[in-house]
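Letter by letter, the chains look like this.
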Amino acid sequence: MSDGKLENAETVLEVNHLAVTFTGKETVHAVRDFSFTVHKGEVVAIVGESGSGKSVSAMSLLGLLPRNAVVSGDVKLDGKPLDVSYLSPEIRKIRGRQVSMIFQDPLDSLDPVFTVGEQIAEAVRVNDPKADKATVTARVIDLLKSVELPEPDTLRRKYPHQLSGGQQQRILIAIALAGRPRILLADEPTTALDVTVQQGILDLLHQISRSEGVGVLIITHDMGVVADIADQVVVVRNGALVEAGETVRLFHYPQNDYTRELLDAVPKTPLLGGSLGSDHAAAVVSATGATSAPAPAASDEQPVLKVENLSVSYAPRTPDVVHGVSFDINHHEVLALVGESGSGKSTIVRCVLGLAQQTGGTVMVDGVEYLKQRRREQTKTRHKIGVIFQSPMGSLDPRQTLAQSIAEPLIYALGVPRGDALAKAEELMDRVHLTRDMATRYPSEISGGQRQRVSIARAIALNPELLIADEPTSALDVSVQKDVIALFRELQRDLGFACLFVSHDLPLVASFCHKVVVLQHGQEVEYGPVESVFVHPTTDYARKLILSAPLADPEVQHERRRLREQAATA
Amino acid sequence: MFRYLLKRLMIAVVVLFGISVIVFAIVHLQPGNPYASMLDPDTPPDVREEVMRKLGYYDPLPLQYVKWLGRALTGDFGYSIQLGSKVSFLIGQRIGNTVFLALVAAVIAIALAVPFGFYAAIRQGKVSDTVLTVVNFGIVSIPGFFFAMILLKVFSIDLRLLPSSGIVTAGAGYVGGQAILDILRHMIMPAIVLMLGEFVSYNRYIRSSAGNLLSAGFVAPLFAKGLNRRKVIFSHIFKNAAKPIITILCLQIPSVLSGAVITETIFSWPGIGLLSYNAAISRDYPLLMGIVMMLALVTLLGNLLADVLYTIVDPRIRLSGKA
Numbered sequence: 001m002s003d004g005k006l007e008n009a010e011t012v013l014e015v016n017h018l019a020v021t022f023t024g025k026e027t028v029h030a031v032r033d034f035s036f037t038v039h040k041g042e043v044v045a046i047v048g049e050s051g052s053g054k055s056v057s058a059m060s061l062l063g064l065l066p067r068n069a070v071v072s073g074d075v076k077l078d079g080k081p082l083d084v085s086y087l088s089p090e091i092r093k094i095r096g097r098q099v100s101m102i103f104q105d106p107l108d109s110l111d112p113v114f115t116v117g118e119q120i121a122e123a124v125r126v127n128d129p130k131a132d133k134a135t136v137t138a139r140v141i142d143l144l145k146s147v148e149l150p151e152p153d154t155l156r157r158k159y160p161h162q163l164s165g166g167q168q169q170r171i172l173i174a175i176a177l178a179g180r181p182r183i184l185l186a187d188e189p190t191t192a193l194d195v196t197v198q199q200g201i202l203d204l205l206h207q208i209s210r211s212e213g214v215g216v217l218i219i220t221h222d223m224g225v226v227a228d229i230a231d232q233v234v235v236v237r238n239g240a241l242v243e244a245g246e247t248v249r250l251f252h253y254p255q256n257d258y259t260r261e262l263l264d265a266v267p268k269t270p271l272l273g274g275s276l277g278s279d280h281a282a283a284v285v286s287a288t289g290a291t292s293a294p295a296p297a298a299s300d301e302q303p304v305l306k307v308e309n310l311s312v313s314y315a316p317r318t319p320d321v322v323h324g325v326s327f328d329i330n331h332h333e334v335l336a337l338v339g340e341s342g343s344g345k346s347t348i349v350r351c352v353l354g355l356a357q358q359t360g361g362t363v364m365v366d367g368v369e370y371l372k373q374r375r376r377e378q379t380k381t382r383h384k385i386g387v388i389f390q391s392p393m394g395s396l397d398p399r400q401t402l403a404q405s406i407a408e409p410l411i412y413a414l415g416v417p418r419g420d421a422l423a424k425a426e427e428l429m430d431r432v433h434l435t436r437d438m439a440t441r442y443p444s445e446i447s448g449g450q451r452q453r454v455s456i457a458r459a460i461a462l463n464p465e466l467l468i469a470d471e472p473t474s475a476l477d478v479s480v481q482k483d484v485i486a487l488f489r490e491l492q493r494d495l496g497f498a499c500l501f502v503s504h505d506l507p508l509v510a511s512f513c514h515k516v517v518v519l520q521h522g523q524e525v526e527y528g529p530v531e532s533v534f535v536h537p538t539t540d541y542a543r544k545l546i547l548s549a550p551l552a553d554p555e556v557q558h559e560r561r562r563l564r565e566q567a568a569t570a
Numbered sequence: 001m002f003r004y005l006l007k008r009l010m011i012a013v014v015v016l017f018g019i020s021v022i023v024f025a026i027v028h029l030q031p032g033n034p035y036a037s038m039l040d041p042d043t044p045p046d047v048r049e050e051v052m053r054k055l056g057y058y059d060p061l062p063l064q065y066v067k068w069l070g071r072a073l074t075g076d077f078g079y080s081i082q083l084g085s086k087v088s089f090l091i092g093q094r095i096g097n098t099v100f101l102a103l104v105a106a107v108i109a110i111a112l113a114v115p116f117g118f119y120a121a122i123r124q125g126k127v128s129d130t131v132l133t134v135v136n137f138g139i140v141s142i143p144g145f146f147f148a149m150i151l152l153k154v155f156s157i158d159l160r161l162l163p164s165s166g167i168v169t170a171g172a173g174y175v176g177g178q179a180i181l182d183i184l185r186h187m188i189m190p191a192i193v194l195m196l197g198e199f200v201s202y203n204r205y206i207r208s209s210a211g212n213l214l215s216a217g218f219v220a221p222l223f224a225k226g227l228n229r230r231k232v233i234f235s236h237i238f239k240n241a242a243k244p245i246i247t248i249l250c251l252q253i254p255s256v257l258s259g260a261v262i263t264e265t266i267f268s269w270p271g272i273g274l275l276s277y278n279a280a281i282s283r284d285y286p287l288l289m290g291i292v293m294m295l296a297l298v299t300l301l302g303n304l305l306a307d308v309l310y311t312i313v314d315p316r317i318r319l320s321g322k323a
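Protein sequences appear in the order of chains A and B. So the first sequence is numbered by UniProt numbering: it starts at 1 and just counts up by one. So the second sequence is numbered by UniProt numbering: it starts at 1 and just counts up by one.
Hints in this document: simulated from the structure, not taken from any laboratory. Heads up, the beta-carbon is just placed ideally off N, CA and C, and yes, glycines get one too. Heads up, a few of these hints could be off.
Unchecked claim - Here are the simulated DSSO-like cross-link-like pairs (lysine-lysine), alpha carbons at most 30 angstroms apart as the crow flies:
#, chain 1, residue 1, chain 2, residue 2
1, B, Lys231, B, Lys7
2, B, Lys239, A, Lys93
3, A, Lys25, B, Lys126
4, A, Lys130, B, Lys7
5, B, Lys126, A, Lys93
6, B, Lys67, A, Lys133
7, A, Lys158, B, Lys126
8, B, Lys231, B, Lys126
9, B, Lys153, B, Lys7
10, A, Lys482, A, Lys380
11, B, Lys243, A, Lys145
12, B, Lys126, A, Lys145
13, A, Lys76, B, Lys231
14, A, Lys145, A, Lys544
15, A, Lys133, B, Lys231
16, A, Lys384, B, Lys126
17, B, Lys231, A, Lys130
18, B, Lys243, B, Lys126
19, B, Lys243, A, Lys133
20, A, Lys544, A, Lys384
21, B, Lys231, A, Lys158
22, B, Lys231, A, Lys80
23, A, Lys158, B, Lys243
24, A, Lys268, A, Lys482
25, A, Lys133, A, Lys80
26, A, Lys93, B, Lys7
Unchecked claim - Residues on chain A that point at chain B, a partial pick, calculated with CB under 7 angstroms:
#, residue
27, Leu64
28, Arg67
29, Asp83
30, Tyr86
31, Gly96
32, Gln98
33, Leu110
34, Pro112
35, Ala123
36, Val126
37, Lys130
38, Tyr159
39, Ile175
40, Thr318
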C-alpha cells in the first residue's frame, strides 16, 4: 500500500478540537483538545493509556455518552459539519448508517435473548425499513459471508452464547457493516480475544477498510495491534493530542517524548523478530546472547517446583481439563505458561496451590509432594510459595491498609508480633519502591500499578522459594507494566526465587522468562528454553501462537500480513 | 434442558423432605400436650393414657414422623385437634377464599408495578423517579395492619360504605349478581391493603432489574446500530425483562396460597391465613403441619415453574442446560 494513494483519498471524517467534559459533583475534562482525520479506506489507530480519553472520543462521535457529558468540537463527516452535542438529531441519523461501532467485549455487546441473525436483520432494517423478509434474510447471509463466517444459514439461527468470542466479534462487525457505513469505530475490538483469534479479526478489519473503502478508526492500547493494522497513528494523553503521523514513521522516529515512552514500554525481544523464517531471530540470538536475563546454569540441585505428568479436573468426578503436563523450575529461574484462554494455564496454577482437583501425576515443591502431606506440614510448605494474582484490586482487602495487607502473612504464617510485622511491612514497601508514607493508605486510594506492587510485597513477605504470578501485568497499562516487570526482575535477581509466570503476552514472556510451556486444550504442546521454543517451534500450534502475537514493529507485521495473504491466495 | 429440569425436580423433592423433617421436629418438640384439650378435663387418667397411646403420643418421635409421612404421602394429614374435621377438608374449604383475595391483589399489584417500575428505571434520577420512590417509601412506612384499621375507621365506621369483616353479609341471602357484588364489596379493603404492600416490593424489584438492563453492555451497541430509544426499550429491554418478571410472578404463588395472616385476621377473611393463625395459637399440630407442607409444596412448585419458564425465555438456559 503506497502513501500516495492515501493522500489522494477523500477525507471521510475530520475531527478538530474535540472536547468532552463530564459535569456533575466534579467536573472532569475527559477530552480537552483532540483532532484527527480519517480517509476513505484507511485504518487510523488512536493509542493511549487508560484514562486518556480515547474511548470517550469515539463514543462522543455517536452520541453514546451519558447526559452529563458536554461535547464540543468541529466535526465534519464527508465534508458536512456534524452536530455532536447531546441528543442532536443529526447524530441519531448517522448511527449505524454512516458511522457504526464495535466494542471491546463481544458477548456483552450482543443481546442474549435474540438470535444473531435477528440482531443483524434489525440493523439491516434500520437502513432499509421497507425491505421484505426475504431481502433482509438474503442481506443477513451476505453480511455473514462478508465477515467470513462459515455456514451462514445455520449460524444466523444461533444465539450469541453459542458462538466463540471471535465469531461474536464478527457478528458485531456484520451488524456494523449492515448500513454500509463510511466510518467504523472499533473500541479495543480484540482486547478480550485470544491472540490467535485477534489476528483474524484484525485481518478482517484491514480487509474491510481496503475492499469496502470504509475508514476504520481503531482504539487500542496495544502497540502490536497498531503496528499490525494502522496506516496512521494518533497518540493521545490526558485527553489531548500528543502526536499523529504515518505508522512506520511514528514507530521509527517518534517526535514526542511520550510516544517514545509508550514505544519503549513494549517488551523488546530479538526472539520474536523474525517473520516466518526464524533464521533472522536465531542469528540475533547467537549474536546477542539470548534473552536479557542470563539463564541460570544447569545444576544438580533439585528443582523448586517439579510437575510431572500432571492431570487436573475442576471438581471430583468431572473430566480432566489438564492432561499430563510436566515441567520443572529451578532457583533463579522463570518459567512461563502460555496458551489461549481455556488452555489450562490458570488451572495448573490452581492445582499447584491445592485449589483444584489433582487427578494424576505429581507436584513436588522442594522435593516433596506437599499436596499429599498432612495439613500441618502442608501449611509449612505453603509458606514457601508466594502468589500474585491478575487483579490487584480483587486480591487486596479494601478494609485493610497497605501495611496491614503486607504484614498479614508475617502475622499469620510466622506468628510475628503485630508491631514488628508492620515495621517489616514498611521495609517490604521499600523493596517494591513504594514510599513509606503510603503504609496507612487503603487500596482504593492508590493506582493499579501501586496496588500490584503491594501484592508483590505481600507475596515476597515470607521470602518464598517459589513465586507464582498469574497474569500479573495484564490489567495494567504498558508503561506501568514495564515498571512492574523491572521490579520483578530486580527482586528475582536479589531473592533468587523460582517463578511460575502465567501470561498470554508472548513478547513479555520472551523478554523476561527462561523456560516456557506452551499449552493447548490442557495438553503440553511444547516445553523448553524460551530461545529454542520461540525461535524453532517444533509444532504447528506453537508456531501459529508465536506468529499471532503482533509485534510492535510495522515492517514485521506488514511482511507477515503479505505472507498470509500470499498463502491464502495460493 | 430436560436434564436441567429433572435436576431441579429432584432437588425439589429433597428439599421438600428436608422441610417436612424440620417442621415436624420443631412442631413436635414443643413442650406440652396438644391433645390434652381434646379430652374432657374430667376424663379419668387411665382412659386419658389409653387415648394418648392410641394417638401415638408416646411413640418415639422418629416413629411418629414415619407414620405421619406414610399417611401424608397418600394425602392424609389427619384430623384437626381443635376443629375435628379432616385437615385436607379444612384446607380445601378455605383455600378458595384466600386464592381469590390474593390473586386479585397480586394481579393489580403486578399490573401497576411493571409499568411504574419500567417508567422509574427509564427516568432514573429524574423528578418523576424521585416522586415514585418517595411514594413507595411512604407506603412501606405505613404498617399494613395500621393502614387496614384506618380504612376500617373511614370506610366502615364513619362513611358506612363498606362491610368491615367476613366475605358475605350474614343472613342477607343474596343471590346471583347481588351475591357477587356483596363479595366484591367485602374484598375491596383487604385487597387494597394486600396489593399496596406487594406493589411496593415488585415496583422496586422491577425498577432495579430494568435499570440493570438499561446499563447492560448490549444497550450502547443497539443505539450504535441506529435503533431508536423506543425500539431498544420495547423490543430488547422488555424481552430481557421477562426473566425478572417471571421470577416475581412465581415467587408470588406461595404467598397467594398462604394468605396474609394479618390482613385476613383483621378483616376476618375466612382464608388460610386465618386458619393457620388459629392453628398456631391453639397448637393444632396436624392442621399446622398440613398447612405448612402444602405451602412448602406450592413454593417448590412455584420455583419449578419459574425454572420451566426460564428455559422458555432464556436461550442460554434452554440451549446449554445451565442456570
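Hints, verified against the model:
no.: 1; hint: B/Lys231 <-> B/Lys7; verdict: violated, 37 angstroms
no.: 2; hint: B/Lys239 <-> A/Lys93; verdict: holds, 25 angstroms
no.: 3; hint: A/Lys25 <-> B/Lys126; verdict: holds, 16 angstroms
no.: 4; hint: A/Lys130 <-> B/Lys7; verdict: violated, 47 angstroms
no.: 5; hint: B/Lys126 <-> A/Lys93; verdict: holds, 26 angstroms
no.: 6; hint: B/Lys67 <-> A/Lys133; verdict: violated, 65 angstroms
no.: 7; hint: A/Lys158 <-> B/Lys126; verdict: violated, 39 angstroms
no.: 8; hint: B/Lys231 <-> B/Lys126; verdict: holds, 22 angstroms
no.: 9; hint: B/Lys153 <-> B/Lys7; verdict: violated, 52 angstroms
no.: 10; hint: A/Lys482 <-> A/Lys380; verdict: violated, 33 angstroms
no.: 11; hint: B/Lys243 <-> A/Lys145; verdict: violated, 33 angstroms
no.: 12; hint: B/Lys126 <-> A/Lys145; verdict: violated, 45 angstroms
no.: 13; hint: A/Lys76 <-> B/Lys231; verdict: holds, 28 angstroms
no.: 14; hint: A/Lys145 <-> A/Lys544; verdict: holds, 24 angstroms
no.: 15; hint: A/Lys133 <-> B/Lys231; verdict: holds, 18 angstroms
no.: 16; hint: A/Lys384 <-> B/Lys126; verdict: violated, 56 angstroms
no.: 17; hint: B/Lys231 <-> A/Lys130; verdict: holds, 16 angstroms
no.: 18; hint: B/Lys243 <-> B/Lys126; verdict: holds, 26 angstroms
no.: 19; hint: B/Lys243 <-> A/Lys133; verdict: holds, 29 angstroms
no.: 20; hint: A/Lys544 <-> A/Lys384; verdict: violated, 36 angstroms
no.: 21; hint: B/Lys231 <-> A/Lys158; verdict: holds, 22 angstroms
no.: 22; hint: B/Lys231 <-> A/Lys80; verdict: holds, 28 angstroms
no.: 23; hint: A/Lys158 <-> B/Lys243; verdict: holds, 20 angstroms
no.: 24; hint: A/Lys268 <-> A/Lys482; verdict: holds, 11 angstroms
no.: 25; hint: A/Lys133 <-> A/Lys80; verdict: violated, 34 angstroms
no.: 26; hint: A/Lys93 <-> B/Lys7; verdict: violated, 49 angstroms
no.: 27; hint: Leu64; verdict: holds, 5 angstroms
no.: 28; hint: Arg67; verdict: violated, 9 angstroms
no.: 29; hint: Asp83; verdict: violated, 17 angstroms
no.: 30; hint: Tyr86; verdict: violated, 13 angstroms
no.: 31; hint: Gly96; verdict: holds, 3 angstroms
no.: 32; hint: Gln98; verdict: violated, 10 angstroms
no.: 33; hint: Leu110; verdict: holds, 6 angstroms
no.: 34; hint: Pro112; verdict: holds, 6 angstroms
no.: 35; hint: Ala123; verdict: holds, 4 angstroms
no.: 36; hint: Val126; verdict: holds, 4 angstroms
no.: 37; hint: Lys130; verdict: violated, 15 angstroms
no.: 38; hint: Tyr159; verdict: holds, 4 angstroms
no.: 39; hint: Ile175; verdict: holds, 5 angstroms
no.: 40; hint: Thr318; verdict: violated, 14 angstroms
Going through the hint list in order, the structure does not satisfy hints 1, 4, 6, 7, 9, 10, 11, 12, 16, 20, 25, 26, 28, 29, 30, 32, 37 and 40.
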